[in-house]
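Student: Take a look at the letters that make up each chain.
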Amino acid sequence: MTRDEIRDIILEIIEDIDEDAEFDDLDADQPLRDQLDLDSMDFLDIVMELRKRYKLQIPEEDYPELATLTSCVNYLEPKLQDV
Amino acid sequence: MADYQLIIIGGGLSGLAAGIRSARFGQKTLIVEQHSLPGGLNSYYYRQGYLLETGLHAMTNFAAQGNKHAPLNRLFRQLKLSRKKFITHEQLGSEVIFPQTSLRFSNDFTLLCEEIACQFPASIDQFRAMAAEIDAYNPFAEVPWQSARNFLHDRLADPLLEDMLLLPLMVYGNAEEYDMDLGQFAIMFRAVFLEGFFRPQGTIKDLIDMLLEQYSQFEGEIRFRTPVAEILKKENKVQGIRLENGEEITANAVLSTVGIPGTAKLSGWELDIDRYIGRMTFMESISMLPEPQLPPELSGRTILFYSLNDELKYHCPASALDPSWGVICFPDNFQDLATEDKTATQVRVTNAANYSLWQQAAVDKEQYRQLKEKCGQQSAAAVSQILGPYNQDAVFQDSFTPMTIERFTEKRGGAVYGSPIKIKSGRTPFENLFIAGTDQGYLGIVGAMLSGVTVVNQHLLG
Ligand SMILES: Cc1cc2nc3c(=O)[nH]c(=O)nc-3n(C[C@H](O)[C@H](O)[C@H](O)COP(=O)(O)OP(=O)(O)OC[C@H]3O[C@@H](n4cnc5c(N)ncnc54)[C@H](O)[C@@H]3O)c2cc1C
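As given, the protein sequences belong to chains A and B, one line each in that order. 1 is the number of the first residue of the first sequence in the working numbering; add one for each residue after it. 1 is the number of the first residue of the second sequence in the working numbering; add one for each residue after it.
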């Protein structure tokens, strides 16, 4: 998957989790949680959804890697390169 | 390989929410429910052409759509249900009525503050400070039991105000007698006073159908009329369940929503069972009134919490029923409810009852019927002191007792709020057997669903 595709997948998952999500002013380098007003339960859902879709196991110690949109893409790029 | 990744015992609100959460991420999940209908304590039945709800007075934890951190909206996100499409009707307003004074409250917290400022001017500043303290308190931390009464008294130092605040919070969510755990008090204070009451559009059946639909969307399976007879174990691990008809089903983990005593009985979990059987149980009388004549100052109220004594008697009564305090609910009095096709107004009255005395009477059908009738009259007489002779031309009356609650939900002793000792972690002595629902500590409809979600998130998304 390309970086753009990964980015779209992440946004799609977030949209799926939160019907009120607004991406217009989203800054890819700022924490997603604060900008989208998500909590840890929502965050778990992003991880679970990635697991369901791509059989990706993300260990808890790696959760900080998912903080911003850019860091998500950086973290997932090698893991999803063959998808 | 086991037949299922997760088996959930009980198709009440906690079981359904847990099921959705588990199935959502592709786990093979089975719910087994002993009755032919889902919903557990908050289900429905048909009588004389009316669809009657077994439990619903109001849902707690009202939150407007868009308020992302509110428990109700978090719950919807967790279940992947659309909060936008879920239509709610907020309460019109409720009131706590004691002999000397009364306090009105609504989903706007300022009303309660104004009422307290007016009736208890010496305590209003302390009350506001206390509300802020409760708002910041973490009720989910696993800390030792603390007395809510002491907490209130230290801050307000006015026994009448303390009891008036405790009445709605205790009767809607306290399994203990006399006092209440501070964490439970904080949960209920937020759910009732800071967030407030509402009804879903339609009936509880619509809400339950929405949950069932979502669960099957995620390919979760549910079996009705399927009582579990035993939780099967090997050493410290649970292997699955055996049904009453002898069939065995295996699973990687089991989640029980049937309470601590019920789970202990099914699993052979050794504990001092009497400590886990609550003593607070209730009788509820439902009347349908064609043209209710209510005192004008009370008409349009949603829920009245009354005490005919200055002191709140939140404990198991010495007689079969204690009508001296209770709840009077008008399920039609919510905002924007269509009333055109209503031929009668419903009134529901809840009073504390003594399980043992009902159990004794229930050995004989006629004796039980007489007790039901007598207690119904006592309740109506007490309520008439507040409402006037409200139910003289009722077209239909029905009631349920501690025995009904026990029979339909297996809650030992008819204890609606389950065990006075909760297990917040959801753990049992068996490493892959967990509990959710009433005995995990979250109460009420929204609470039960949150409990199902939380326990699955913590232990069962492995
Ligand atoms: C009269 C009354 C009024 C209420 N009013 C309100 C209200 O207005 N607002 C509010 O928020 N809350 C109200 N409640 C409380 C609320 O209904 C409960 O807190 C909540 O529904 C509990 O859900 P639960 O899933 O924990 O338990 P339950 O609903 O008890 O679910 C347990 C399920 O397990 C099933 N079961 C038990 N044993 C077995 C077995 N061996 N095999 C298979 N299945 C089994 C039972 O049949 C049941 O369906 C009321 C309760 C009552 C009784």
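For the record, the hints were derived by calculation from the structure and aren't laboratory data. In this text the structure is predicted, and so the values were computed from the model without any measurement. Check each hint, because a few of them may be wrong.
In silico DSSO-like pairs for lysine-lysine, Cα to Cα no more than 27 Å straight-line [stated by the list, open to error]:
1. B/Lys68 with B/Lys313
2. B/Lys80 with B/Lys28
3. B/Lys237 with B/Lys28
4. B/Lys28 with A/Lys55
5. A/Lys52 with B/Lys265
6. B/Lys28 with A/Lys52
7. B/Lys85 with B/Lys205
8. B/Lys84 with A/Lys52
9. B/Lys424 with B/Lys233
10. B/Lys80 with B/Lys265
11. B/Lys237 with B/Lys68
12. B/Lys233 with B/Lys28
13. A/Lys52 with B/Lys205
14. B/Lys205 with B/Lys68
15. A/Lys79 with A/Lys55
16. B/Lys80 with B/Lys68
17. B/Lys80 with A/Lys55
18. B/Lys237 with B/Lys84
Derived CB-CB ranges, DEER-like [unchecked claim]:
19. A/Glu12 with B/Gln217: 10 to 20 Å
20. B/Leu243 with A/Glu19: 32 to 42 Å
21. B/Leu243 with A/Asp24: 30 to 40 Å
22. B/Gln217 with A/Tyr63: 24 to 34 Å
23. B/Gln359 with A/Glu12: 36 to 46 Å
24. A/Gln30 with B/Ile87: 33 to 43 Å
25. B/Asn138 with A/Glu12: 25 to 35 Å
26. B/Glu230 with A/Glu15: 16 to 26 Å
27. A/Arg33 with B/Gly246: 47 to 57 Å
28. A/Lys52 with B/Glu221: 12 to 22 Å
29. B/Gln48 with A/Glu22: 19 to 29 Å
Beta carbons are placed, not taken as given, at the ideal position from N, Cα and C, and that holds for glycine.
Student: Enumerate the violated hints, using their earlier numbering and listing them in ascending order.
Tutor: Result: hints 1, 5, 10, 11, 13, 18, 21, 23, 26, 29 break, sorted rising.
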